[in-house]
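Chains as they are written, first to last, in this note's numbering: chain A, 1 to 124; chain B, 1 to 261.
Hints were generated in silico from the structure; no laboratory data involved. Keep in mind that the hints are not guaranteed to be accurate.
Calculated Cβ distances over 12 Å to all of chain B for the following chain A residues [said to hold, decoys possible]:
id: 1; residue: 11
id: 2; residue: 17
id: 3; residue: 22
id: 4; residue: 23
id: 5; residue: 31
id: 6; residue: 33
id: 7; residue: 34
id: 8; residue: 38
id: 9; residue: 64
id: 10; residue: 73
id: 11; residue: 108
id: 12; residue: 113
id: 13; residue: 120
Once the Cα atoms are required to be at most 25 Å apart in a straight line, the calculated SDA-like pairs of lysine to any residue come out as [claimed, not checked]:
id: 14; chain 1: A; residue 1: 65; chain 2: B; residue 2: 215
id: 15; chain 1: B; residue 1: 184; chain 2: A; residue 2: 82
id: 16; chain 1: B; residue 1: 184; chain 2: A; residue 2: 110
id: 17; chain 1: A; residue 1: 65; chain 2: B; residue 2: 109
id: 18; chain 1: B; residue 1: 184; chain 2: A; residue 2: 64
id: 19; chain 1: A; residue 1: 110; chain 2: A; residue 2: 72
id: 20; chain 1: A; residue 1: 65; chain 2: B; residue 2: 108
id: 21; chain 1: B; residue 1: 110; chain 2: A; residue 2: 12
id: 22; chain 1: B; residue 1: 185; chain 2: A; residue 2: 76
id: 23; chain 1: A; residue 1: 65; chain 2: B; residue 2: 172
id: 24; chain 1: B; residue 1: 107; chain 2: A; residue 2: 59
id: 25; chain 1: B; residue 1: 74; chain 2: A; residue 2: 72
id: 26; chain 1: B; residue 1: 184; chain 2: A; residue 2: 120
Idealized CB from N, CA, C, for every residue including glycine.
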Amino acid sequence: MAKQEFLSKKPLQVLEKIRENLERLNEKMEIMIELQKHGRKDIQPLPETPLDVMTLLSMPDHLRKTAMTVCRLGRATAEEIAQQTHRARAVESAYLNQLMIMGYLKKERKGRKAYFYVERENQG
Amino acid sequence: MIVLGKIIAVHSYKGGTGKTLLSLNLAATLVKHGKKVCLFDLDFRAPSLSTLLKVEKTEYWLNDYLNGTCEIDKVLIDLSSKIQNTGKLFVGLANPVTEAIRDMSAKDRKWEMRALGRLLALRNSLLNDKGFDYLIFDTSPGLQYSSINAIVSADFVLVATTLDMSDVDGTRRMLRELYDLFEKKTEIVLNKVLQDVSSKSGKEEIQARIKDIYQVPLLGIVPCFCDVLKGAGNIIFAQEKPEHPLTKILEDIVIKIEDLK
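One chain only, chain A, in its complex shape (with noise of 0.2 Å):
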């Protein structure tokens, strides 16, 4: 029986690892490609830019929503900004990144899941 159970267990686990390693390798991907734009080749992120309402203003409207969403929320997955923005997962995943290459947000990874948030505490 529960030989039975890990044999069919096994290939959805298996999936879901699979699922995983694309979901990481693209978001790499993302970030290299970030960095190629901006003529970087380090993978460290820009030094930490407080993301006030004047520089929200500046932005173009793309990352705006994202940033504006992030703000609201406080702290969050590409998801769930996914669900506030009515955009693709990928799309939100790839504006975070790129939110937090140019400095504005910071990201944590919790087990699976990547939290992006606007750091405040840190007085200065």
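Keeping the supplied structure of chain A fixed, place chain B upon it in accordance with the hints.
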């Protein structure tokens, strides 16, 4: 959970368009409808609500909340007893002392970003946790950090404007280059109107004109009332003058606001 349509920013391009008068009287009208309302003075450059509401002393100001030195419940003052109505009125005041004004105008981008975070947090702490029905932000005119922070945090922007040429032009620009960019629901209150709007045709003519200029809905038309000037800020019309035409206009505006989704 996000509660919609409950945080109202009252803004304008020029000063003296009636933001504070509208904010205060809207708050009073909502309280009359049994609502729990908090009115915030976010005009840190020229605070006025502490004077108008005759609050002489307070230990904490909104300035302190935005500075992160106290929580919001320390700032709020319960004025429900002053307003004899079924609802509740609280206020959060800006510190009118010159030194405080100077301090607020010298803040950097990082501070403004944190202030935005603290304004955004009010949705949770006041609407969700403390059961407030409405928060009203009375702001500084024009494009300033504190006002834009308020607009970004709000669900709805009420723009007070007059038919003054420079005001019309600036307001039109702000609609396109500020509120639209933040995807804010915006409506206009036209104040200090000299034309006769007592007749249906007079009113319709102004409505058509405003629609043509701004392309956004007109929430209300307020004629130029000498009584308002005579009151010198001492009268909350919505509360003290139930029969005054201004009170009736405010009633209509509030009914529309309560219907907003």
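Going through the hints against the structure:
Here residue 11(A) stays apart from chain B, with its beta-carbon at least about 38 Å from theirs, past the 12 Å limit. With a closest Cβ-Cβ approach of about 34 Å to chain B, residue 17(A) is found to remain outside the 12 Å limit, as its non-interface label requires. The claim that residue 22(A) lies off the interface holds: its Cβ sits roughly 32 Å from the closest Cβ of chain B, which is beyond the 12 Å cut-off. Look at residue 23(A): its CB is around 27 Å from the nearest CB on chain B, clear of 12 Å, so calling it non-interface holds up.
No beta-carbon of chain B comes within 12 Å of the beta-carbon of residue 31(A); the shortest separation is about 24 Å. At the 12 Å boundary, the C-beta of residue 33(A) stays outside the reach of chain B, the nearest C-beta of that chain being 26 Å off. No Cβ of chain B comes within 12 Å of the Cβ of residue 34(A); the nearest lies about 22 Å off, and the non-interface call holds. The beta carbon of residue 38(A) is kept farther than 12 Å from every beta carbon of chain B, the shortest such distance being approximately 21 Å.
At roughly 7 Å, the least C-beta separation between residue 64(A) and chain B is not larger than 12 Å, which violates its mark as non-interface. Some Cβ of chain B comes within 12 Å of the Cβ of residue 73(A); the nearest lies about 9 Å off, and the non-interface call is violated. Distance to chain B confirms residue 108(A) as a non-interface residue, since its nearest Cβ pair spans about 17 Å, more than 12 Å. No Cβ of chain B approaches the Cβ of residue 113(A) within 12 Å, the least distance being about 21 Å, so the stated non-interface status holds.
Listed as a non-interface residue, residue 120(A) fails to keep its Cβ farther than 12 Å from every Cβ of chain B; the least gap is roughly 4 Å. The hinted pair formed by residue 65(A) and residue 215(B) meets the criterion: a straight-line CA distance of about 22 Å does not exceed 25 Å. In summary, the hint linking residue 184(B) to residue 82(A) is supported, as the alpha carbons are separated by about 19 Å, within the 25 Å threshold. A hinted pair counts as satisfied when its Cα atoms are at most 25 Å apart, and residue 184(B) with residue 110(A) does not qualify at roughly 33 Å.
At most 25 Å may separate the alpha-carbon atoms for a hinted pair to count; residue 65(A) and residue 109(B) meet this at roughly 20 Å. Distance restraint check for residue 184(B) and residue 64(A): the Cα-Cα separation of roughly 13 Å lies within the 25 Å cut-off, and the hinted pair is therefore satisfied. A hinted pair counts as satisfied when its Cα atoms are at most 25 Å apart, and residue 110(A) with residue 72(A) qualifies at roughly 21 Å. For the proposed pair residue 65(A) and residue 108(B), the alpha carbon gap of about 24 Å is at most 25 Å, so the pair holds.
Annotation: proposed proximity of residue 110(B) to residue 12(A) is violated, straight-line Cα distance about 47 Å (limit 25 Å). For the given pair, residue 185(B) sits about 24 Å from residue 76(A) by alpha-carbon distance, which is consistent with the 25 Å threshold. Between residue 65(A) and residue 172(B), the direct Cα distance comes to roughly 22 Å. Compliance with the 25 Å bound is thereby established for this hinted pair. Between residue 107(B) and residue 59(A), the direct Cα distance comes to roughly 22 Å. Compliance with the 25 Å bound is thereby established for this hinted pair.
At most 25 Å may separate the alpha-carbon atoms for a hinted pair to count; residue 74(B) and residue 72(A) meet this at roughly 24 Å. A C-alpha spacing of about 24 Å is found between residue 184(B) and residue 120(A), which places the hinted pair at or below 25 Å, so the restraint holds.
The earlier numbered hints that this structure contradicts are 9, 10, 13, 16 and 21.
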